[in-house]
Structures are given as C-alpha cells and as structure tokens.
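Chain by chain, the residues run as shown.
Protein chains: 2
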Amino acid sequence: MADLDLDVSAPLGGGVWRFPADRPLVLDSGAKISGLEVAYQTYGSLNENGTNAILICHALTGDQYVASTHPTTGKPGWWTRLVGPGKPIDPARHFVICSNVIGGCMGSTGPASIDPATGEPWGLSFPILTIADMVRAQAMLIDALGVDTLLAVVGGSMGGMQVQQWAADYPQRLFSAVIVASASRHSAQNIAFHEVGRQAIMADPEWRGGAYAAQGARPEKGLAVARMAAHITYLSEPALQRKFGRELQRDGLSWGFDADFQVESYLRHQGASFVDRFDANSYLYITRAMDYFDLAAPHGGVLANAFKAARDVRFCVLSFTSDWLYPTSESRHIVRALTAAGCRAAFAEIDSDKGHDAFLLDEPVMDAALTGFMASVERERGIGR
Amino acid sequence: MADLDLDVSAPLGGGVWRFPADRPLVLDSGAKISGLEVAYQTYGSLNENGTNAILICHALTGDQYVASTHPTTGKPGWWTRLVGPGKPIDPARHFVICSNVIGGCMGSTGPASIDPATGEPWGLSFPILTIADMVRAQAMLIDALGVDTLLAVVGGSMGGMQVQQWAADYPQRLFSAVIVASASRHSAQNIAFHEVGRQAIMADPEWRGGAYAAQGARPEKGLAVARMAAHITYLSEPALQRKFGRELQRDGLSWGFDADFQVESYLRHQGASFVDRFDANSYLYITRAMDYFDLAAPHGGVLANAFKAARDVRFCVLSFTSDWLYPTSESRHIVRALTAAGCRAAFAEIDSDKGHDAFLLDEPVMDAALTGFMASVERERGIGR
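Chains as they are written, first to last, in UniProt numbering: chain A, 1 to 385; chain B, 1 to 385.
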C-alpha cells in the first residue's frame with residue numbers, strides 16, 4: 001500500500017466516498033469527471049495482512065446493498081445467500097466491499113446527479129461510460145479503503161464483466177476472480193434486447209430528451225416496458241412455463257386487455273416496481289456500457305491476450321444450463337481464453353431451469369461451488385478457517 | 001355445395017367480401033359483428049370438381065397479399081417462394097385463396113373500421129377475437145367463393161394456428177392441412193413477449209386509450225417498440241450473430257445513444273417501417289387472439305380430442321431447429337396429438353439457423369417438403385400433374 005501513498009479516507013460500513021478534487025476520473029471516452037462520488041457498503045474489516053478483502057460487483061440493476069436491507073424497497077440484500085454469517089463470503093472472516101457502479105442511481109455519480117458546471121442534473125450530457133470506467137472507479141475506492149490486493153473479486157452478469165475487466169486491468173491486485181453467468185462481450189441479441197429497452201424509454205414523452213429530472217417529469221411507462229422486456233430474458237422458457245404456464249388471474253378470460261394471464265400480471269408488477277427504484281437515464285447509460293463491452297477488442301481481438309498478465313489469478317467460472325442471455329457457450333469462451341493465457345480456471349456449468357436469474361436465486365450447487373472455491377483460495381492465501 | 005345454398009357472391013381475383021346483412025358473425029366472446037367485411041386475394045380458378053382450392057392463412061403481421069405485390073410497401077407477396085408458377089402451390093393448378101384475418105388492418109373488419117353504430121372507428125369497443133373467430137369468417141368466405149372443401153389449408157406461425165383450428169372445427173371441409181412453425185397454444189413466454197408489445201403501445205400517449213384514429217393521432221413510437229421486441233423473437237441468436245455480430249454502423253463508436261451497432265439500426269428500421277403498414281389496435285387484438293389460443297382447452301385439455309373428427313385429413317407439420325418462438329417441441333406436441341387421434345401426420349424438423357422467420361425465408365428443404373406433400377395429396381385427390 002505504501003506505493004499508493006493514500007490515506008484510508010473512506011469510512012468503514014459504507015457511505016459515499018468523494019474523489020479528491022485533484023483526481024478526476026478519466027473515462028475511456030476521453031471525458032473527465034471531477035469530484036466523482038462512489039456509494040458503497042462494507043461488511044467486516046480488513047485483517048492485519050490486508051489479505052481478506054473481497055469486492056463484489058453488481059449486475060445491471062443491482063446496487064451496493066449486497067448483504068443489507070435496500071433503503072427503497074426494504075428487501076434484504078440481493079446476495080444474502082452467498083454473503084453473510086456462515087456463507088461462503090462471511091464478514092466474520094472477510095472484508096466485503098460492494099459499490100454502486102458509476103452511472104448508477106443509488107448514490108454513485110450518474111446522469112441523475114447534479115452537474116457542477118450547470119447546477120442541473122447531468123441528463124444526457126453525462127459522458128458515456130464503459131465497464132472499464134466502472135472498474136477504474138472501484139480501484140480508486142479500494143485504495144481509499146486501504147485495500148491493496150483483493151482476495152477475490154466476484155460478480156454475476158454485468159458483475160462478471162467487471163470481474164473480467166479487473167483481471168485485464170489490475171491483475172496484480174487480484175488473488176482470485178469469480179465470474180458467474182457472464183460473457184466477455186455482448187452478442188447481437190444482447191444488444192438488440194437492450195436497444196428495445198432504450199427505445200422504450202426514449203419513446204416516452206416524459207423522458208423529455210433525457211432532461212426529465214430537471215423538468216420534474218419521469219418516463220415511468222417507458223422504463224417499465226424496458227424492464228418487462230429485459231425481465232423475460234432473465235428467465236428461462238421452462239421456468240416461465242413452470243411458474244405461470246397459462247394460469248389465469250381470475251376465473252375465466254376478461255375478453256379485454258386486462259392482465260388475464262398470471263405471467264402478464266407478473267411482468268406488469270416487475271415493470272411497475274422497477275420504476276420506484278431505478279432511474280431511466282441510468283438504465284440507458286449502464287445498458288450502453290454493457291453493449292460496448294468487448295474485452296478482446298482492445299487486445300487485438302484475442303480474449304486470451306486480455307488475461308495474459310493474470311496468470312497468477314485463480315479463476316472460477318460458473319454458468320447455468322438454462323441461461324439463454326449469457327449461455328454456457330459464453331462462459332466456455334472465457335474459460336478457453338483463460339486456459340490459452342496460462343491462467344488457472346475452475347469451470348462448472350450448473351444444471352438449473354431458472355435461466356439467467358439463477359445466479360440470484362436458490363441454487364445449492366452454485367453455493368457449493370463457490371464455497372469450495374473460496375475455501376481453496378483462502379487456504380492458498382494462508383487465511384485460516 | 002348444394003346444402004350450403006349459397007351464390008358465389010365473392011368475385012375472383014380478390015377484393016372485399018361483405019357478409020349478407022342477415023348473417024352476423026357470432027364470436028366466441030358472444031359478441032356479434034354485422035356486415036363483416038373480409039378482404040382477400042385469389043389466384044387461379046376452381047376446377048370442375050371443386051377439388052383444387054387451397055386456403056393460405058397468414059401470420060400475425062401478414063396479409064392477403066401472399067403472392068402479389070403489397071399495395072403499401074410495393075414488396076412482392078410474402079410467400080412467392082411457395083405460391084406461384086412452378087411452385088408447390090401453383091395458380092395454374094390450384095385455386096389459391098388468402099384473406100386478411102378479421103381484426104386485421106388490410107381491408108378486413110377490424111378495430112380501425114367504422115362501427116356502424118357510432119360512425120366512428122371501433123377502437124377498443126371492437127370485440128375481442130379468437131383464432132376460431134378468424135377461421136369462422138374464412139369458412140364463410142370460402143362459401144361465398146363457391147368452395148365446399150379445401151384441397152389444403154396451409155399456414156405458418158399464427159397461420160398454423162388457424163390451420164389447426166380448421167382441422168378441429170371444419171374437418172369435413174379439409175382434404176389436407178399444413179402446419180408450419182406453429183404451436184397448439186401460446187406458452188407463458190409467448191404471452192410475455194406479446195404483453196410487452198401491448199404495453200409498449202398502450203404506454204404511448206398517442207394511443208389515446210385506443211381512440212387515436214378518431215382523434216387523428218397514431219401511437220407510432222409504441223408500435224415501433226412492440227415490433228422491435230417481437231422481431232428479436234423471430235430470429236435466432238446465431239442468425240443475429242451471423243448477420244450483425246458486433247459490426248458497427250460507422251467507423252468507431254458514437255459515445256452516445258445513436259445506433260452504433262448494425263443490429264440497432266436494423267431493429268430501428270424494422271420498427272419504423274412496420275408502423276407504415278400496420279395498425280396499433282390490430283396489433284393488440286391479433287396478439288390477444290394468439291394468447292387466448294389453446295386448442296386443447298375446449299376439448300377437455302386433451303389436444304388429441306380436438307383432432308378426433310379429422311381422421312381423414314392428411315397433415316404435414318414442419319418446424320425449424322433454431323425456432324425458439326414456437327420450438328420443435330411444440331410441433332412434436334401437435335404430431336403426438338394427431339397420432340393419438342388416429343390422423344395421418346407427416347412431420348419434418350428442418351435444420352435451419354434462421355429462427356422462426358425461416359418459414360418466410362429461403363429454406364430449400366422446406367420447399368422440398370411442401371412440394372412432396374402437395375404432390376402426394378394431389379395424387380390421392382385425383383388431380384393430375
């Protein structure tokens with residue numbers, strides 16, 4: 001840590017950490033953001049050797065509340081199955097960090113934040129972000145938390161993209177990396193679904209060209225439609241069939257456009273509840289960052305090159321059989337590249353009919369895989385348990 | 001035909017046929033539509049024995065212009081690959097009929113038509129329709145064309161639903177039936193995608209509660225988003241990847257929300273061109289009819305029961321390996337039911353990476369299957385060729 005020459009300036013437990021005024025974040029686009037704020041939560045504390053820190057990276061609509069109650073929804077943390085007392089990631093042993101990505105809307109600087117230059121919300125004048133930009137801000141946050149190297153960086157879906165970016169950009173700061181239900185680049189179909197969501201938002205006149213916040217409006221209908229479309233991609237066809245099939249909401253059909261089928265009602269609920277906790281412009285910016293993600297591209301189009309400096313990092317890659325958003329073939333592609341780069345990579349495809357969202361749901365085989373991997377990593381790192 | 005006691009009142013070639021005033025169409029909902037109009041095209045002419053008529057049923061956004069230029073888009077008929085001189089369905093040998101479904105927007109009575117009771121467009125006061133209602137109107141149209149029995153009823157996707165409904169409701173009027181890329185009921189995922197499209201339309205303030213036509217408005221943005229979402233389901237992931245991958249529109253990224261990727265531009269074009277030829281309320285009504293479709297339901301939940309009276313009908317069922325909208329498992333479900341009902345059913349799963357839309361595209365194996373099936377049907381029916 002001595003070479004970083006930093007004070008531990010970010011408080012334990014969580015809050016919002018503000019970048020020092022003289023350290024703007026330089027983005028891939030070339031733009032700079034000064035006074036960037038990163039909202040985060042921590043659980044547990046750093047051990048004496050500084051070897052027990054774990055960074056958890058959230059997915060598109062996730063946030064820093066990985067293991068604590070969400071302040072808006074009142075729901076438990078989104079990964080309490082894996083993070084908590086007696087879980088594979090345990091604040092009793094680990095210093096757990098989770099931050100809201102930049103561009104997000106749970107406290108980190110994003111398009112809904114106030115642009116100091118105008119005193120108005122940034123809106124569409126906020127610069128376009130990349131997954132690498134998000135990771136760059138996380139690296140500065142862990143500096144501020146006094147963390148030099150991470151025992152593990154862990155994430156699912158977009159979180160797994162950040163994990164790969166960490167391995168490419170900061171391999172010397174990682175001991176291990178866990179990539180769940182993810183991909184090394186967005187496919188044409190991935191981009192297509194995101195574009196539908198963005199068009200749904202931008203079609204809403206309440207979006208006001210992105211300036212809705214300054215004008216006291218909210219593109220709730222457009223954002224709800226975007227969420228509904230995306231939500232279908234998070235579930236497998238068999239899971240939808242098992243959960244809902246053609247079950248009706250009431251006895252008999254309405255012979256109208258009410259939600260006759262339970263699956264319609266479920267989707268409408270997903271859309272309606274999402275707008276209470278998410279910002280439409282953040283949705284545009286984060287989906288754009290995911291679409292732009294193509295880890296091989298800046299490495300001559302060869303993914304293995306991105307991982308060349310990560311030979312000492314222990315990788316764990318997990319996928320789910322019924323995930324059609326980031327199917328197992330994408331994980332295999334990552335594992336092949338890791339192998340070609342000379343990295344150690346454990347890989348498991350987990351049998352599940354729950355689709356992409358399996359990484360957030362009750363999947364004991366996934367828990368077991370992560371438990372085993374974390375135990376082996378801790379042994380190698382010399383952390384007793 | 002004598003027992004039907006009908007004049008041939010619908011002109012050859014095509015046009016709009018108006019139901020006699022004393023014959024309202026009674027719908028499954030219980031509603032009646034008087035003076036119903038059905039827009040249709042015919043090709044070729046009925047032979048002396050009346051044995052060469054073929055009805056072609058169109059898909060969700062299709063129309064009666066199966067083998068002739070579309071009046072709005074100027075594009076060739078949507079199935080000229082299969083219908084035309086030297087094709088498996090050939091006006092030189094067959095009397096080909098194709099009608100716009102009721103609820104549609106290409107001339108048949110639908111929500112954009114004028115409600116005689118008010119002198120205004122029906123809008124949402126138009127009654128909810130079913131696939132059976134569409135078929136009932138088609139049966140009345142072929143009466144008016146002087147056709148007693150059909151050599152074949154043929155359709156893909158929603159067209160295939162109508163074919164199955166024909167087999168259930170009018171088996172004695174069919175000699176053969178061809179069901180392509182279809183299903184016997186909408187799955188939860190099918191309903192979910194349609195609901196996203198409907199919500200996108202209804203979220204557009206220009207929809208005006210369905211009364212846009214009377215108010216001189218058009219919910220173009222919502223309808224375009226609906227089309228974009230649906231369009232993704234028509235293509236396979238490999239086809240999207242092959243056609244577009246991550247190819248850019250221009251050199252380099254825009255670092256904004258322009259259509260950077262070719263797949264975005266393609267989808268936007270699909271949305272924009274669709275609104276020029278389709279009515280938003282028709283989209284609501286027809287998707288609803290498809291969601292309501294569950295052929296087994298009125299037959300005690302046993303699909304075979306629906307086909308029991310169709311034992312003399314020769315069936316051909318075709319599916320495509322990469323169709324994830326109506327996957328091969330749905331076709332197999334139909335074939336099992338046909339077999340259980342004692343029907344003769346030819347079945348072929350065709351290797352294609354083009355997804356659901358394969359039935360509209362260049363798939364020589366499909367052409368060959370249909371050619372062979374039609375030849376055998378014609379031999380059995382005693383039509384020389």
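In short, the hints are calculated from the structure, not lab data. Incorrect hints may have been included.
[Said to hold, decoys possible] Among chain B residues calculated to face chain A with C-beta under 8 Å, some are:
#1 Ala296
#2 His299
#3 Asn305
#4 Lys308
[Stated by the list, open to error] Covered by chain B, according to a simulated footprint, are these stretches of chain A (three or more residues, beta-carbon under 8 Å):
#5 241–250
#6 253–259
Just so you know, even glycine gets a beta-carbon here, dropped at the ideal spot from N, CA and C.
We went through each hint and held it up to the structure:
no.	hint	verdict
1	Ala296	10 Å, violated
2	His299	15 Å, violated
3	Asn305	17 Å, violated
4	Lys308	22 Å, violated
5	241–250	holds (count 5)
6	253–259	holds (count 5)
Consistency note: the structure conflicts with the earlier hints numbered 1, 2, 3, 4.
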